[in-house]
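Student: If you're matching them up, the sequences are chains A and B in order. All letters in the first sequence, in the order written, are residues 1 to 320 by my numbering. All letters in the second sequence, in the order written, are residues 1 to 193 by my numbering.
Honestly, I wouldn't trust all of these hints.
Said to hold, decoys possible - Some chain A residues flagged as far from chain B (calculated, every beta-carbon gap over 10 Å):
#, residue
1, Leu5
2, Pro14
3, Arg21
4, Thr145
5, Arg148
6, Arg151
7, Gly170
8, Gln186
9, Val190
10, Thr246
11, Thr253
12, Gln257
13, Leu277
14, Leu316
15, Leu317
Said to hold, decoys possible - Restraint-style ranges between C-beta atoms, simulated for each label pair:
#, chain 1, residue 1, chain 2, residue 2, range
16, A, Tyr308, B, Ala169, 30 to 40 Å
17, A, Ala53, B, Thr173, 39 to 49 Å
18, B, Asp157, A, Ala299, 28 to 38 Å
19, B, Arg138, A, Ala299, 41 to 51 Å
20, A, Ala299, B, Ala115, 18 to 28 Å
21, B, Gln91, A, Ala53, 32 to 42 Å
22, B, Thr41, A, Ala279, 34 to 44 Å
23, B, Thr173, A, Leu56, 22 to 32 Å
24, A, Leu44, B, Arg138, 47 to 57 Å
25, B, Thr173, A, Ala279, 29 to 39 Å
26, A, Ala291, B, Arg102, 26 to 36 Å
As the list claims (entries may be wrong) - Some chain A residues near chain B, calculated using beta-carbon distances under 7 Å:
#, residue
27, Ala6
28, Thr13
29, Arg23
30, Ile27
The set of hints was computed from the structure by calculation and includes no laboratory data. A virtual CB, placed ideally from N, CA and C, is assigned to each residue, including glycine.
The primary structure of each chain is shown beneath.
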Amino acid sequence: MSPDLATALRAETPSAPDALRDRIAVITATPPAPRRTLSLRRVLMVAAPAAAAASLVAAVAVGVKAGVEDQAGHKATAPRALIPPQMLAPTAESGQLRMPRRAATPEAAKNAFAPPTAAPARKRAQDVRTSITLLVDDTNDLSATTQRALRITRNLGGYVQTVNFGSQTGEGTAALEVRIPVSRVQAAVVRFSELGRILAQQTQITDLQQRLDDLTRQIRRTGDPGRRAQLRHTRSELNRRAAYATLLLDLTTHEPQAKVVPPSRIDRAVDDAAGVLGAELAVIAYALIVASPFLVLLAAAFGGRRAYRRYSDLRLLERA
Amino acid sequence: MGDGFVPNPGRSGVTRAAPAAYTECVSDVADAQDFSAAAETHLDDVYRYLLYVTANPSTAEDLTSETFERALGRWSSFDPRRGTAQTWLFQLARGAALDHFRAEERRRRREERVAEPDRVAEHELPDEYGPVLRQALRTLSGADREVIALRIVLELDAKTAARVLNISASACTTRLNRALERLEQKVRPRLVA
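Just chain B, with the same shape it has in the complex (with noise of 0.2 Å):
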């Protein structure tokens, strides 16, 4: 509304009844700085989530940005009464991921056909990234790192945990903790010493 649209007074100086043009553009409006808040708010979270799913930093940087570009196609769908933006976008995180896994493992098996694949280069992780965390993204699974960064670093409740990840919330409670069992069983002689 930045244009100086608003609505004229009419003689009597009774304010009359806006256009629906006009709370249509407000509507607008609201939706978009209800996005920017939205992105600004969990553009760390996503990003966590994503570098624990994917386990490479890059890769997380263009998924999330890949996320943020979905949700602002999609965020007329949004429907704040049936979950927070912090979810919602967790989906689409978690959907922008699968599609990339897909995507790779689609090409993956186009390379093997002709040369040997090198996956070690993804997980490649600079030095700038703690042991734990390290030793956490190069021995779990995706499905591990991801319950893991959703209940443990963003510290989701099992329930909206369980609603990203599509499953029950007993199945989450189960999936987290065999992921912090195996987790553990490697980190804790690190922590120890």
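Here chain A stands alone, though its shape is the one from the complex (with noise of 0.2 Å):
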């Protein structure tokens, strides 16, 4: 472009005339409307962050509360289901040790075995009683399971007390009470733990040595030939008990629950609110997805509106 037409163009417009300029001073008389303290922008930038923090401290007070609740409800309901009964037996005697052990999942049983650490004392009296769970996988290796228990229980010197054997549906359990030399009674316990898998493990050991003690000053002393014969027996009875150790081994196949470790209370308190704010990320994502087309489609026709006006106004100004 000549720098002449650029001249001459600036030259020849004109100024705004007298007339407008009286009547824009009238315009300008007029004080402008007040700025608004409150814009769009402006409150969706206050409303943005004040909804993202109300969601957060809504989350983390729904869970604080179930937090909460959720520990008066572990305290009224303490899984002592889950705990064997003769883990749970009072023990009345003095002097007596118990060992439970129980190995709650399958695979904390894989690593629950060990023979007991506390073997009876040998030159002690002691009165043994060891309970072990055992995990088999059917009725049929339930039953050959117990007649491998009875043969080892005879190839230790022991003997069978008791047999409780009972099976239906596919599922069974199996209870022995054996008598096993107390000298062996470590064999018989490491022999047993390899006939499935270990669900519990108790081991009860009373002192007796005491009482027979007793029982031997008190034999000395009296002068009654039936009251010495009484105390004999009595003698006798506790070296019987501390002969032999009773074994009680249970078999099941039924799967034991997995053990239920209650979390904390903040634990409780954290998952919650995580809880409410997926559950709010989760409505916020379906109302995005629900409404994506919807927004792509209104997105798609304010484009094309304003194109559509671009073009139209072009248009308008190339015919004026």
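With the hints as a guide, bring both chains together as one complex.
Tutor: The following block contains the structure:
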């Protein structure tokens, strides 16, 4: 473009006439509308973080509240049902040693077995009671395992006191009470443990030596032959108890329920809060998924309208 | 704040914080002053722009007045961070011009149903306008005149002009080059002579 043309265009373009200036002066004499203090953008800038914070606070509040309620519920229904009755039985006799061993989950049970650490003392008379709960595969396995347990008992020089075997619709249990010589009780525990997967194990050792010594002293002191015979009978009973250990073997085909460790209050609160946040996000995601086609259509319509408007404006100006 | 509304100093002589009403009042006065200053500064530019777009002095005057009335009503929504007052006023002026053209077109369509419209009268310019401008206004389309007005007469840069035209800067430049090419073809013989 030639500079002359540009100069000519600028020079020949008139300024606003005085009449127009007067009209504009009248307009500007009027004060403009007060500036809005709350624009839509400002409201959105405040409302969006406020909504996010409110949802977070709501999630935390719900989480804490639910955590407190859950804690109360857990206290009311303590998981005693998961604990075998023998573990909950109170120990009345003094000097006894209880060594409960439980493997609540199958994974834990694989590593749960180990021979009792507190073996019966050889020089002291002790009443040893051990209970083992084993999981077997099915009723066939249950029967075979029961027979193997009986063979082991006999091989170790022991005998069977009671056997309770029952099976029904593919599941069954067997309860054996056997007496094993105390000197071989550890071997018995090891061999019984190999018969299945250990679900629970408990060993209880009660010292009898003190009572035997008392009985011996009483026998020496007493002059009454009847009383002496009675004391000797009691002592021989105690010696028999001390000679053989009682071994309770429970076989079952029931898979144990995984032990539910109640989470802490904070864990529960965090879980619940995360759950609420997750639910909120899910609702938002759901709304977005449902609304996205409409939003796309809306955006396309908006963009198309703008493009058409731009085109029509240009056409309008070209005709002008 | 011409009514003597000033904050009262406290008994200790320490000026207290201005109340919200006072701050608002000061803000309104500042806004009014800003608007008056903007109108005074850009009146000629807006008129020239509209003169080129409409090619009709009286229509340009009316639309200039309409533009500043709109600006008065929307002054609160003007955000200096998003653009200058000049650009904002040009955008308002363009909107007013387009509304005018739409209304004129509707009116013309209505008249066409009953009689032949008289289009020549709109481009009749008084003799006080120079020959180059008269030629430009007579031969070019409104779109060409608009981009020439913004880029050549008012000397806006491509980015600002593109913002007023609601197109990209490159499209604005392309449109300007084509408009100038057409204008030069018409007015060069006259300039040479």
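Student: Is it the case that Leu316/A keeps its Cβ farther than 10 Å from each residue Cβ in chain B?
Tutor: violated (5 Å)
Student: Beyond 10 Å on every Cβ pair: is that true for Thr246/A relative to chain B?
Tutor: At about 89 Å from chain B, Thr246/A clears the 10 Å cut-off, so the statement holds.
Student: For Thr253/A, is the shortest CB-to-CB distance to chain B above 10 Å, so the non-interface label stands?
Tutor: Non-interface label stands for Thr253/A: nearest chain B Cβ at 77 Å, farther than 10 Å.
Student: Would you assess whether Arg21/A, listed as outside the interface, keeps its beta-carbon beyond 10 Å of every beta-carbon in chain B?
Tutor: Arg21/A is in fact no farther than 10 Å from some Cβ atom of chain B, at 7 Å.
Student: Within 22 to 32 Å: is that where the Cβ-Cβ distance between Thr173/B and Leu56/A falls?
Tutor: The hinted range 22 to 32 Å is violated for Thr173/B and Leu56/A, with Cβ atoms some 50 Å apart.
Student: Given Ile27/A as an interface hint, is its Cβ closer than 7 Å to any Cβ of chain B?
Tutor: Check passed: Cβ of Ile27/A comes within 5 Å of chain B, closer than 7 Å.
Student: Given the hint of 26 to 36 Å, check if Ala291/A and Arg102/B actually sit that far apart at their C-beta atoms.
Tutor: holds (34 Å)
Student: Between Tyr308/A and Ala169/B, does the C-beta distance stay in 30 to 40 Å?
Tutor: violated (22 Å)
Student: Would you settle whether the hint for Ala6/A is holds or violated, based on the nearest Cβ-Cβ distance to chain B being less than 7 Å?
Tutor: It holds, given that the least Cβ distance between Ala6/A and chain B is near 5 Å, below 7 Å.
Student: Tell me if the beta carbons of Asp157/B and Ala299/A are separated by a distance inside 28 to 38 Å.
Tutor: holds (31 Å)
Student: Beyond 10 Å from chain B, beta-carbon-wise, is Arg151/A?
Tutor: holds (93 Å)
Student: Take the C-beta atom of Gln91/B and the C-beta atom of Ala53/A, compute their distance, and say whether it sits inside 32 to 42 Å.
Tutor: Holds, at about 37 Å.
Checked against the numbered hints above, the structure breaks hints 1, 2, 3, 14, 15, 16, 20, 22, 23, 25 and satisfies the rest.
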